[in-house]
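Colleague: With the sequences and hints as input, model every part of the structure.
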Amino acid sequence: MSGSFSIDGVTVPFETGQSIMDAALAAKIYIPHLCHNPEFQPHGSCRLCCVTANGRTVAACTTLATDGLEVANETHEITTRRRLLLKLLFVEGNHVCPACEKSGACQLQAVAYHCGMLAPEFVHFYPKRAVDASHPETIIDFNRCILCELCVRASRDHDGKSVFNISGRGIDAHLTIDSPSGRLGDSRFSASDKAARVCPVGAILPKHRGYEIPIGRRLYDQESISQVGDVASHREQEDG
Amino acid sequence: MADKIRIATASLAGCFGCHMSLLDIDERLIDLVAHIEFDRTPLTDIKQIGRCDVGLIEGGVCNAENVEVLKAFRRHCNLLVAVGACAINGGIPAMRNQYSLTECLEEAYLHGSGIDQPQIPSDPELPLLLDQVHPIHDVVWIDYFLPGCPPSADTIFTFLDELLSGKPIRFAYRQIHYD
Chain Y
0 MSGSFSIDGV TVPFETGQSI MDAALAAKIY IPHLCHNPEF QPHGSCRLCC VTANGRTVAA
60 CTTLATDGLE VANETHEITT RRRLLLKLLF VEGNHVCPAC EKSGACQLQA VAYHCGMLAP
120 EFVHFYPKRA VDASHPETII DFNRCILCEL CVRASRDHDG KSVFNISGRG IDAHLTIDSP
180 SGRLGDSRFS ASDKAARVCP VGAILPKHRG YEIPIGRRLY DQESISQVGD VASHREQEDG
Chain W
0 MADKIRIATA SLAGCFGCHM SLLDIDERLI DLVAHIEFDR TPLTDIKQIG RCDVGLIEGG
60 VCNAENVEVL KAFRRHCNLL VAVGACAING GIPAMRNQYS LTECLEEAYL HGSGIDQPQI
120 PSDPELPLLL DQVHPIHDVV WIDYFLPGCP PSADTIFTFL DELLSGKPIR FAYRQIHYD
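In the order they appear, the protein sequences are chains Y and W.
The opening position of the first sequence corresponds to residue 0 in numbering that gives the first Met the number 0, with each subsequent residue numbered one higher.
The opening position of the second sequence corresponds to residue 0 in numbering that gives the first Met the number 0, with each subsequent residue numbered one higher.
Just so you know, these hints were derived from the structure itself, not from any lab.
Honestly, I wouldn't trust all of these hints.
To be verified - Just a sample of chain W residues kept apart from chain Y, beta carbon distances all over 12 angstroms, derived:
no., residue
1, Leu22
2, Asp25
3, Arg27
4, Lys46
5, Gly49
6, Asn62
7, Ala63
8, Lys70
9, Pro120
10, Pro123
11, Leu128
12, Tyr177
To be verified - In silico DSS-like pairs for lysine-lysine, Cα to Cα no more than 27 angstroms straight-line:
no., chain 1, residue 1, chain 2, residue 2
13, Y, Lys86, W, Lys70
14, Y, Lys160, Y, Lys193
15, W, Lys166, Y, Lys86
16, W, Lys166, W, Lys3
This one's a predicted model, so the numbers in the text were calculated from it and none came from an experiment.
From the three backbone atoms N, C-alpha and C, an ideal C-beta is built for every residue, glycine too.
Modeller: Right under this line is the structure:
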């Protein structure tokens with residue numbers, strides 16, 4: 000069964016069982032998101048994809064499309080709320096873009112550009128978080144983790160390893176690694192894992208590839224994420 | 000355009016890269032100087048700030064002198080702008096916030112490599128360091144933010160040009176970046 004609904008007045012077809020996000024992606028309509036990747040079960044946690052559906056605020060990735068639904072996506076109010084969420088994400092971690100290898104190909108940055116964020120403006124937390132460089136091929140910088148759980152889902156559902164998990168609640172929530180020492184180098188993680196290729200930010204990065212692509216020529220340096228899509232899908236293409 | 004708008008600039012805990020980017024406007028500076036005059040700025044070497052329309056602040060706040068300069072700018076400027084990553088979120092200097100001030104000073108002046116006569120500087124002329132580096136909006140109200148490390152000359156020019164023309168300030172996609 001199928002039907003159609005509208006996003007900002009544009010008619011979008013859908014198949015039964017598709018979420019608003021899935022149908023939007025298929026129709027090439029961009030709904031900002033960080034924790035969503037169509038290859039995995041939706042998580043609904045970053046709240047960036049919140050839209051209004053018949054006037055109710057819902058997460059586009061966890062809400063099924065229904066016939067005749069009227070969805071508002073890029074309105075002034077919704078974009079303002081998205082900017083607020085992005086600012087909170089920026090001040091909660093240590094996102095030092097000029098010192099980050101992911102800069103220019105970072106989805107947090109790209110979504111913030113799309114939503115028109117000029118500065119985080121709130122008081123910065125400057126949390127003290129260690130870097131885990133124990134693995135020979137992959138580095139984890141917890142300063143940049145936004146708790147999207149994409150690595151958790153990829154390692155559990157695709158790699159069958161469950162290397163990653165989230166511990167703690169609220170402001171104490173943090174990414175943990177399943178190994179005797181808690182370090183990545185002692186875990187079953189491999190650089191060829193799916194979990195190595197899904198991080199939307201610079202938290203999980205391959206080693207030995209620094210600045211292969213110069214700043215200014217990276218994915219989001221020239222074009223908006225609304226045009227070129229998620230960084231994870233590009234990595235899949237690059238890695239073949 | 001009646002009177003010229005008066006602009007002051009300062010580099011706090013920054014590297015002067017944003018000021019270099021301002022100069023990188025190149026020949027368009029000639030168009031700008033017809034509409035702008037500078038007050039206190041490293042470019043004029045005027046030491047005390049007078050009444051200004053716009054203050055451009057580069058760098059975050061890392062010591063007591065930065066706080067004083069920033070507050071003086073706020074008192075004297077109608078519009079105060081955070082220019083660049085360090086003013087906006089502390090930037091590279093704020094990476095020291097991962098450590099205590101004591102750890103930073105000891106590493107730099109006592110235990111670092113190649114140090115002759117190790118001692119932590121302590122002179123009344125040296126401004127006291129703050130325990131952490133802060134973005135400038137932690138200290139005073141900021142009216143506008145220009146991100147980038149540094150913001151490109153194009154970004155700074157667009158900002159000043161649209162401000163002068165009274166238009167809403169809008170940037171092309173490539174003019175806004177955080178790195």
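Colleague: Please go over all the hints and tell whether each is borne out by the structure.
Modeller: Status of each hint after checking the structure:
For leucine 22 of chain W, the requirement that its beta carbon stay farther than 12 angstroms from each beta carbon of chain Y is met, with the minimum near 20 angstroms. Listed as a non-interface residue, aspartate 25 of chain W keeps its Cβ farther than 12 angstroms from every Cβ of chain Y; the least gap is roughly 19 angstroms. Chain Y leaves arginine 27 of chain W outside its interface by the beta-carbon criterion, the shortest separation being 21 angstroms against a cut-off of 12 angstroms. Interface exclusion of lysine 46 of chain W from chain Y stands, the closest Cβ pair being 29 angstroms apart, more than 12 angstroms.
The Cβ of glycine 49 of chain W sits about 27 angstroms from the closest Cβ of chain Y, beyond the 12 angstroms cut-off, so the non-interface label holds. At the 12 angstroms boundary, the C-beta of asparagine 62 of chain W stays outside the reach of chain Y, the nearest C-beta of that chain being 17 angstroms off. The non-interface label for alanine 63 of chain W is consistent with chain Y: the shortest C-beta to C-beta separation is roughly 20 angstroms, beyond 12 angstroms. Against chain Y, the non-interface label of lysine 70 of chain W holds: every CB pair exceeds 12 angstroms, the least being about 18 angstroms.
Listed as a non-interface residue, proline 120 of chain W keeps its Cβ farther than 12 angstroms from every Cβ of chain Y; the least gap is roughly 25 angstroms. Against the 12 angstroms criterion, proline 123 of chain W stays outside the reach of chain Y, whose nearest CB is about 29 angstroms from its own CB. With a least CB separation of 16 angstroms from chain Y, leucine 128 of chain W remains clear of the 12 angstroms interface cut-off, as annotated. Against the 12 angstroms criterion, tyrosine 177 of chain W falls within the reach of chain Y, whose nearest CB is about 4 angstroms from its own CB.
For the proposed pair lysine 86 of chain Y and lysine 70 of chain W, the alpha carbon gap of about 25 angstroms is at most 27 angstroms, so the pair holds. Of the supplied pair hints, the one linking lysine 160 of chain Y and lysine 193 of chain Y holds, its CA atoms being roughly 11 angstroms apart against a limit of 27 angstroms. Between lysine 166 of chain W and lysine 86 of chain Y the alpha-carbon distance is near 26 angstroms, which keeps this suggested pair within the 27 angstroms criterion. With a C-alpha separation of about 17 angstroms, the suggested pairing of lysine 166 of chain W with lysine 3 of chain W holds against the 27 angstroms cut-off.
Taken one by one, the earlier hints fail for this structure only at number 12.
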